[in-house]
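There are 2 protein chains.
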Amino acid sequence: MLNESVVQQLKSIVGDAYFRIDQEALIAHSYDGTPMLQALPDGVIYPETTEQVSEIMRIASQYVIPVVTRGSGSNLCGGTTPVSGGIVMVMHRMNRIIEIDMENLTATVQPGVITGEFITHVEELGLFYPPDPSSMKISTIGGNIAECSGGLRGLKYGTTKDYVLGLTAVLPSGEVLKTGGKLTKDVAGYDLTKLLVGSEGTLAVVTEAILKLVPKPKTKKTMVAMYKDIYGAARTVSSIIKQQIIPATLEILDNATIQVVDDFAKIGLPRDMEAILIIEQDGEPEVVERDMASIYHICEQEQADRIEMAQTREQAEQLLTARRSAFTALARLRPTTILEDATVPRSKIADMVLKTNAIAKKYNVSIATFGHAGDGNLHPTATTDARDQEEVHRVEEAFAEIFEAAIALGGTITGEHGVGIVKAPYLEWKVGTAGIEIMKGIKAAFDPQNILNPNKMFAKETKKRVVIQHG
Amino acid sequence: MLNESVVQQLKSIVGDAYFRIDQEALIAHSYDGTPMLQALPDGVIYPETTEQVSEIMRIASQYVIPVVTRGSGSNLCGGTTPVSGGIVMVMHRMNRIIEIDMENLTATVQPGVITGEFITHVEELGLFYPPDPSSMKISTIGGNIAECSGGLRGLKYGTTKDYVLGLTAVLPSGEVLKTGGKLTKDVAGYDLTKLLVGSEGTLAVVTEAILKLVPKPKTKKTMVAMYKDIYGAARTVSSIIKQQIIPATLEILDNATIQVVDDFAKIGLPRDMEAILIIEQDGEPEVVERDMASIYHICEQEQADRIEMAQTREQAEQLLTARRSAFTALARLRPTTILEDATVPRSKIADMVLKTNAIAKKYNVSIATFGHAGDGNLHPTATTDARDQEEVHRVEEAFAEIFEAAIALGGTITGEHGVGIVKAPYLEWKVGTAGIEIMKGIKAAFDPQNILNPNKMFAKETKKRVVIQHG
Numbered sequence: 001m002l003n004e005s006v007v008q009q010l011k012s013i014v015g016d017a018y019f020r021i022d023q024e025a026l027i028a029h030s031y032d033g034t035p036m037l038q039a040l041p042d043g044v045i046y047p048e049t050t051e052q053v054s055e056i057m058r059i060a061s062q063y064v065i066p067v068v069t070r071g072s073g074s075n076l077c078g079g080t081t082p083v084s085g086g087i088v089m090v091m092h093r094m095n096r097i098i099e100i101d102m103e104n105l106t107a108t109v110q111p112g113v114i115t116g117e118f119i120t121h122v123e124e125l126g127l128f129y130p131p132d133p134s135s136m137k138i139s140t141i142g143g144n145i146a147e148c149s150g151g152l153r154g155l156k157y158g159t160t161k162d163y164v165l166g167l168t169a170v171l172p173s174g175e176v177l178k179t180g181g182k183l184t185k186d187v188a189g190y191d192l193t194k195l196l197v198g199s200e201g202t203l204a205v206v207t208e209a210i211l212k213l214v215p216k217p218k219t220k221k222t223m224v225a226m227y228k229d230i231y232g233a234a235r236t237v238s239s240i241i242k243q244q245i246i247p248a249t250l251e252i253l254d255n256a257t258i259q260v261v262d263d264f265a266k267i268g269l270p271r272d273m274e275a276i277l278i279i280e281q282d283g284e285p286e287v288v289e290r291d292m293a294s295i296y297h298i299c300e301q302e303q304a305d306r307i308e309m310a311q312t313r314e315q316a317e318q319l320l321t322a323r324r325s326a327f328t329a330l331a332r333l334r335p336t337t338i339l340e341d342a343t344v345p346r347s348k349i350a351d352m353v354l355k356t357n358a359i360a361k362k363y364n365v366s367i368a369t370f371g372h373a374g375d376g377n378l379h380p381t382a383t384t385d386a387r388d389q390e391e392v393h394r395v396e397e398a399f400a401e402i403f404e405a406a407i408a409l410g411g412t413i414t415g416e417h418g419v420g421i422v423k424a425p426y427l428e429w430k431v432g433t434a435g436i437e438i439m440k441g442i443k444a445a446f447d448p449q450n451i452l453n454p455n456k457m458f459a460k461e462t463k464k465r466v467v468i469q470h471g
Numbered sequence: 001m002l003n004e005s006v007v008q009q010l011k012s013i014v015g016d017a018y019f020r021i022d023q024e025a026l027i028a029h030s031y032d033g034t035p036m037l038q039a040l041p042d043g044v045i046y047p048e049t050t051e052q053v054s055e056i057m058r059i060a061s062q063y064v065i066p067v068v069t070r071g072s073g074s075n076l077c078g079g080t081t082p083v084s085g086g087i088v089m090v091m092h093r094m095n096r097i098i099e100i101d102m103e104n105l106t107a108t109v110q111p112g113v114i115t116g117e118f119i120t121h122v123e124e125l126g127l128f129y130p131p132d133p134s135s136m137k138i139s140t141i142g143g144n145i146a147e148c149s150g151g152l153r154g155l156k157y158g159t160t161k162d163y164v165l166g167l168t169a170v171l172p173s174g175e176v177l178k179t180g181g182k183l184t185k186d187v188a189g190y191d192l193t194k195l196l197v198g199s200e201g202t203l204a205v206v207t208e209a210i211l212k213l214v215p216k217p218k219t220k221k222t223m224v225a226m227y228k229d230i231y232g233a234a235r236t237v238s239s240i241i242k243q244q245i246i247p248a249t250l251e252i253l254d255n256a257t258i259q260v261v262d263d264f265a266k267i268g269l270p271r272d273m274e275a276i277l278i279i280e281q282d283g284e285p286e287v288v289e290r291d292m293a294s295i296y297h298i299c300e301q302e303q304a305d306r307i308e309m310a311q312t313r314e315q316a317e318q319l320l321t322a323r324r325s326a327f328t329a330l331a332r333l334r335p336t337t338i339l340e341d342a343t344v345p346r347s348k349i350a351d352m353v354l355k356t357n358a359i360a361k362k363y364n365v366s367i368a369t370f371g372h373a374g375d376g377n378l379h380p381t382a383t384t385d386a387r388d389q390e391e392v393h394r395v396e397e398a399f400a401e402i403f404e405a406a407i408a409l410g411g412t413i414t415g416e417h418g419v420g421i422v423k424a425p426y427l428e429w430k431v432g433t434a435g436i437e438i439m440k441g442i443k444a445a446f447d448p449q450n451i452l453n454p455n456k457m458f459a460k461e462t463k464k465r466v467v468i469q470h471g
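Chains A and B, in that order, are what the protein sequence lines are.
1 is the number of the first residue of the first sequence in UniProt numbering; add one for each residue after it.
1 is the number of the first residue of the second sequence in UniProt numbering; add one for each residue after it.
Bound conformation, chain A alone (with noise of 0.2 Å):
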């Protein structure tokens, strides 16, 4: 509870039409993306400029009050969930592209700019944005820099860190914070930049950014090969970085993804393949001409039952949406469903297919995987009922040891979620003790009052580790 005298003064910084603290705001902003999950505020507020936020934070600092910074809460690790209570801040007024700069491929925008209608607009300019995530459509900036969102382009342009040049951040203490600019190279002390991306809204609230465009491909061509054997589909991985092609998309989905995905989307996906890879690239023409043309003879080598290429763009892009809607396809299913993103280097993305799907036979649980092949970030999505408390707990555990399994291979936890309150107790098995305790520093020399999105990222208790039979 905020007392009075508290949201007078928010009040008054926003106006009164923008601080709520009415029960519908109230259970509007207490859940996000996150299954399972959900802590009332005590007020929503949605500021419009860097100065109300740097306000804001100077009151919330004064009165020791937690504050989870929102874009529009399409995370799946429980980011913006305010499970300590506080202020939600929402960003969505924040939402203008201030200046796309020609000259230096860069644009300047606010956190709330929806991902998607971004994209759109610089491929307009004929510019390039790459990271999108599966959520773009509904995900802001703000958010993406938060959990540093990654996507289907990854393999070949990066994620959101790799695009962020520059940042306005307003600090706790409520200090406006300026890093980077329009600069490729700056080594101006340690790089706070990169260090703010990705800290999921746990060390300052972003106001601005300063994002790098890419001259926009000059075209894309989009092929689907269909595996009997999912060791096909893995080696077809290997073989294409091998060769050194780097396609610009490169999705796998197992045979459970199949079925459902195309129970959803109805595209004519084989039900009968173990594994299908949607693979685009994009370029110059010559060069995605050759590409693909080596690519689909490497997926011949490899077995793959069929090789289609999408004769249009239309196509290429259902066969993409089909892909993207995997999330919502399997959320039809049953009523909850776990979508997670356990990485491993790419040369061992078959064997922790395989290894989630012994796995979710030994708990019993239902668990069907697609994701980025080409940069090993898998999604291993479990259907599962929040009402059955006992087949909750298998999943779990399911996970638990995915996650364990994951890190033996050489991956992590996460690849693109975010720990926020869901990874936290495992976060210790991936970074060490060592790797804690560093990190709570950071945390203390941003944040010492410990109020911008309290209790996430570090566990009260790790996780006591899966003990994995190897062999």
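Take these hints with a grain of salt, some might be off.
No distinction is drawn between identical chains; accordingly, a pair holds when it is met within one copy or between any pair of copies.
Said to hold, decoys possible - Simulated crosslink set (SDA-like; lysine to any residue; CA at most 20 Å straight-line):
| hint | residue 1 | residue 2 |
| --- | --- | --- |
| 1 | Lys218 | Val365 |
| 2 | Lys242 | Leu127 |
| 3 | Lys464 | Ile245 |
| 4 | Lys220 | Val122 |
| 5 | Lys242 | Thr120 |
| 6 | Lys242 | Glu103 |
| 7 | Lys178 | Thr433 |
| 8 | Lys218 | Gln243 |
Everything labelled a hint here was simulated from the structure, so no lab data went into it.
Bear in mind that the values here come from a model prediction, so they are computed numbers and not experimental data.
Fit chain B to the supplied structure of chain A, relying on the hints for placement.
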């Protein structure tokens, strides 16, 4: 002075031969590539393994002894000068390329590997490691990581930080931290990998790095365009980018540099030109041809006086070698050479060069400017004489004004050399008091006793800002 017990303990870690306190060793490690800076260490140690580094750091921690990690000492910011005494830890024995992973396109290396040798090695395997600081023939990968080195290919390919995927690093306490992995996507907690890159040996000692490799470009072509008007050269840079061509290299040399480089390299550079651009594109043959034709056309449009395409690879190498020799060539002129790296958005290159010339004139000092026009990273280089204190003072004042001008144009005080001791008094100008405080907090989180490369990056006193005359 190290006490006898410490000396014995350090010797027992690395063996008698690898811990030295003789004058020869101390003097040889009392300076680096930075002019006018020298300070004797108390000892020089040469570890061979991560475990040894860990044990050394435990001793250093216990006795609160400064440790300065050093590769080849080619840095230009005083980064490896042991200004607080203590131990210089030389990483040359840890010089193995541990693995090249052709499936994941990664290299795992120790920090003492020489950058140029590493580049040659991976190119022989058909792969490519783009960061190419001019010092690469002697600099080490570890040093490049410490400074986040750039080079001539930064515009198209980025800098060292874009190629570091994972690190093994020893904390001041002796604990071993592992970050990242063979992963392009990893958001498990704060990005400590990118934070350590460019941290100038102040946070941890890097003992192993996983580097990203990319396919080697199939071909490259090089041209030189010469201008009687430096704005023509600058407009060319802008026009190239505006037409969405991103060349591999886009270097500028001003008239003063042209003169000395040609005196040195004798390749017939045009001494009457105000500026030349050296432009290189690499990639697929058709694309390189097309880009170079477009660039040629742009150079013509922007009134280049002469444009020459290198006819052979040797001719091209000669041009690039001449460019890389600019520092050496300038160093022949007078006893002391101060090479800086003020960096601006690429659209401000011409303004910055002209501003630099005006400042040099104002302070009556000799400053030649060359550098990476494509990414705005300029190298204004003063030739002076350390024995003439009055002149050196004028040079310092001129550089202070150059840094101020760079910041006023949206740039930074250092694009690729680092802060070290030389830029420390100016760091606050770029990052503000809030930035300095946060960085100090990060330093304290890693190194609470301040033993790793102490008295670097953070100055006792920030230099008073110069009043810039605008207009």
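Violated hints - listed by number, lowest first: The structure breaks hints 1, 3; every other hint is satisfied.
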